[in-house]
Amino acid sequence: MEKFTTLTGVAAPLSIKNIDTDMIIPKQFLKTIKRSGLGKHLFDEMRYNDDGSEREDFVLNKPAYRKASILVGGENFGCGSSREHAPWAILDFGIRCVIAPSFADIFYNNCFKNGILPIRLPREDVDKLMADAERGANATVTIDLDKQQITGPDGGVIAFDIDPFRKHCLMNGLDDIGLTLEKAAKIDAFEEKRKLTQPWL
Amino acid sequence: MANDTAKPKTLFEKIWDNHLVEVQQDGTCLIYIDRHLVHEVTSPQAFEGLRTAKRAVRHADMTLAVADHNVPTTDRSKGIENEESRIQIEALESNIKDFGVPYFGMDDIRQGVVHIVGPEQGFTLPGMTIVCGDSHTATHGAFGSLAFGIGTSEVEHVLATQTLLQSPPRTMRVNVTGALPAGVTAKDLVLALIGQIGTAGGTGCVIEYAGEAIRALSMEGRMTVCNMSIEAGARAGLIAPDQKTFDYIMGRPMAPKAGAWEQAVAYWKTLPSDDGATYDEEVTLDASALVPQVTWGTSPENVLPITATVPDPASAATDAQKAAWTRSLEYMDLKPGTPLDGVKIDRVFIGSCTNGRIEDLRAAAAVAKGRKVAAGVGAMVVPGSGLVKEQAEEEGLDRIFIEAGFEWREPGCSMCLAMNADRLEPGERCASTSNRNFEGRQGRGGRTHLVGPEMAAAAAVTGTLTDVRKLMG
Ligand code: SF4
Numbered sequence: 001m002e003k004f005t006t007l008t009g010v011a012a013p014l015s016i017k018n019i020d021t022d023m024i025i026p027k028q029f030l031k032t033i034k035r036s037g038l039g040k041h042l043f044d045e046m047r048y049n050d051d052g053s054e055r056e057d058f059v060l061n062k063p064a065y066r067k068a069s070i071l072v073g074g075e076n077f078g079c080g081s082s083r084e085h086a087p088w089a090i091l092d093f094g095i096r097c098v099i100a101p102s103f104a105d106i107f108y109n110n111c112f113k114n115g116i117l118p119i120r121l122p123r124e125d126v127d128k129l130m131a132d133a134e135r136g137a138n139a140t141v142t143i144d145l146d147k148q149q150i151t152g153p154d155g156g157v158i159a160f161d162i163d164p165f166r167k168h169c170l171m172n173g174l175d176d177i178g179l180t181l182e183k184a185a186k187i188d189a190f191e192e193k194r195k196l197t198q199p200w201l
Numbered sequence: 001m002a003n004d005t006a007k008p009k010t011l012f013e014k015i016w017d018n019h020l021v022e023v024q025q026d027g028t029c030l031i032y033i034d035r036h037l038v039h040e041v042t043s044p045q046a047f048e049g050l051r052t053a054k055r056a057v058r059h060a061d062m063t064l065a066v067a068d069h070n071v072p073t074t075d076r077s078k079g080i081e082n083e084e085s086r087i088q089i090e091a092l093e094s095n096i097k098d099f100g101v102p103y104f105g106m107d108d109i110r111q112g113v114v115h116i117v118g119p120e121q122g123f124t125l126p127g128m129t130i131v132c133g134d135s136h137t138a139t140h141g142a143f144g145s146l147a148f149g150i151g152t153s154e155v156e157h158v159l160a161t162q163t164l165l166q167s168p169p170r171t172m173r174v175n176v177t178g179a180l181p182a183g184v185t186a187k188d189l190v191l192a193l194i195g196q197i198g199t200a201g202g203t204g205c206v207i208e209y210a211g212e213a214i215r216a217l218s219m220e221g222r223m224t225v226c227n228m229s230i231e232a233g234a235r236a237g238l239i240a241p242d243q244k245t246f247d248y249i250m251g252r253p254m255a256p257k258a259g260a261w262e263q264a265v266a267y268w269k270t271l272p273s274d275d276g277a278t279y280d281e282e283v284t285l286d287a288s289a290l291v292p293q294v295t296w297g298t299s300p301e302n303v304l305p306i307t308a309t310v311p312d313p314a315s316a317a318t319d320a321q322k323a324a325w326t327r328s329l330e331y332m333d334l335k336p337g338t339p340l341d342g343v344k345i346d347r348v349f350i351g352s353c354t355n356g357r358i359e360d361l362r363a364a365a366a367v368a369k370g371r372k373v374a375a376g377v378g379a380m381v382v383p384g385s386g387l388v389k390e391q392a393e394e395e396g397l398d399r400i401f402i403e404a405g406f407e408w409r410e411p412g413c414s415m416c417l418a419m420n421a422d423r424l425e426p427g428e429r430c431a432s433t434s435n436r437n438f439e440g441r442q443g444r445g446g447r448t449h450l451v452g453p454e455m456a457a458a459a460a461v462t463g464t465l466t467d468v469r470k471l472m473g
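Residue numbers (our numbering), protein chains in the order written: chain A, 1 to 201; chain B, 1 to 473.
In short, the hints are calculated from the structure, not lab data. In this text, a Cβ means the ideal position worked out from N, Cα and C, and glycines have one as well. A hint or two may mislead.
Facing chain A, according to a computed beta carbon distance under 7 Å, are these residues of chain B, among others [as the list claims (entries may be wrong)]: (1) D26; (2) C29; (3) S77; (4) G79; (5) E81; (6) S85; (7) Q88; (8) E93; (9) S94; (10) T161; (11) G195; (12) Q196; (13) A200; (14) A266; (15) A421; (16) E425.
The list that follows gives simulated cross-link-like pairs (lysine-lysine, BS3-like), each with its CA atoms no further than 30 Å apart [claimed, not checked]: (17) B/K54 - A/K195; (18) B/K14 - A/K186; (19) B/K322 - A/K62; (20) A/K34 - B/K322; (21) B/K54 - A/K183; (22) A/K3 - B/K54; (23) B/K335 - A/K195; (24) B/K372 - A/K195; (25) B/K269 - A/K167; (26) B/K257 - A/K195; (27) B/K7 - A/K195; (28) B/K54 - A/K186; (29) A/K186 - B/K244; (30) A/K195 - A/K128; (31) B/K78 - A/K34; (32) A/K195 - B/K322; (33) B/K257 - B/K14; (34) B/K257 - A/K183; (35) A/K195 - B/K9; (36) B/K369 - B/K335; (37) A/K186 - B/K372; (38) A/K193 - B/K14; (39) B/K97 - A/K183; (40) A/K193 - B/K257.
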């Protein structure tokens, strides 16, 4: 997993509540058996017309946002299914940070597993960043994970919270499975005890 | 076990504490996973990850794989026409062989929607931790097991380690008082709850459903309620096990046998929340005041009694809500003020892990019996598993549906998410017993109204969204 330390880039505004995983990546693209290549289908139904041509009015199709690396969204971002295809598509498009007032749990979790930083902020802060994002390509935003700070285009700074363990893993690009396998002795001991107390399992 | 004190515990706390392998300094917990269900859509990249890192599956015997999302619900002897769907199922089949995971294939009578199969086989038991790369894993919480959906990276983590890193969730108790009136079902109950607390109402929480209305539900009804916990934003739903739970499990193929059964039941009886246990949040719902529910928009929280009219965005509480409602109504092609009862529909889907069990089919058949599907309506019944289908056929439900003009299909997820050939055409309106009414969920441009099985059958025979109570004798 790629490390996340600082990120400076264009933020795309997507002011919709309850952006669900079906919107982020519709089911017809879940048939892949790979992680990569989903970026072109990110927000497919909002992004393309029935004939496959781009919809000019969709934010990621506007010249200013084609290279966006940050997404600012509405409440309950990522609700719906557990499909990790949603963060895969976001990452493959080139977005490494999603900012919203609230996230659905599984999506929030899935972001960290893929080197994407989801930032939860109070509504007023998101509104401010949304307004900044509306200004397009010249309005870049900088995220500093170590300092837990977002710097807006006008130099204003917004602090954010993040779980220390997740921050540590993200900043060092750590693989959870490797970390857990180091605890094999504890898992073995747990299983021994479980055999005695719940033998029917 | 960590945290063992005299303090009264909730059902959730008992299961959680019993599965702690380690608590890190920062509070992150490594929890043990008793059961892992696997399906073809969210697993290929996980197996690929194991292969690349040269890792094995730690406990193939605690894992069960089934193909459900992509399978055709028509004659399967010809195989799968869609190439990508076929490849995904072939990938699952080669993965389960390489890693030694038990599997119910497409021709196995036990095949079906993963969340129907687990309980049916006795794979799901009280007090367990159960995961699956699928958000509706919450269904299994009906047995008093902590069951939740995970992403593919976590699927890989569980396959490799039989554990999962989790931060402790918050707890919410939903007390459902009173008794459900005639014609009102478990589906209406959970839809009404989502309407009340919203799709983010349970975010970060495990919900325990309690109260007399919950105790009165059958196991099937309890599964319907827990299934939609995720639509309320919760990580999981739980219902304390009781005699109904034990009766349902006894004798199932993977359930404990003989002496082990007594021992297991004795343990399961210790699971219900202690008197005086506290929750982070409490919500109350009066079951006796409910009427059949139907969704009108593109989020499960856009739900109203069938007796209501389509709401006006002008009356929304916030600007964000107003924008969301406007967008929904445009997508759904509905005008504010239109009575929901009487909205014309094109299709009906009865099935899914929410309402694809035998009791659901019985309930729908009772409404369909002696009636005909309205002209111009395409109605489909998709049993949740091969065993549900077999039982329904033994009871003659298939004949009732077929005589009424419904299609009787093979088991799978089908038009719940339209990954196989079953889908809505753009603009088609469907009364569906599934769990999500998102834009495009049942097919691009399709319009979904979520309802219970009786209401779906009523819509099929009248051709419109209909208050099923009017059809009941
Ligand atoms: S029936 Fe629908 S909700 Fe249930 S597992 Fe299948 S696709 Fe998911």
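Against the earlier hints, flag every one the structure doesn't satisfy and list their numbers going up.
Of the numbered hints, 2, 3, 4, 5, 8, 9, 11, 12, 14, 15, 16, 20, 23, 24, 25, 29, 30, 32, 34, 36 and 37 do not hold.
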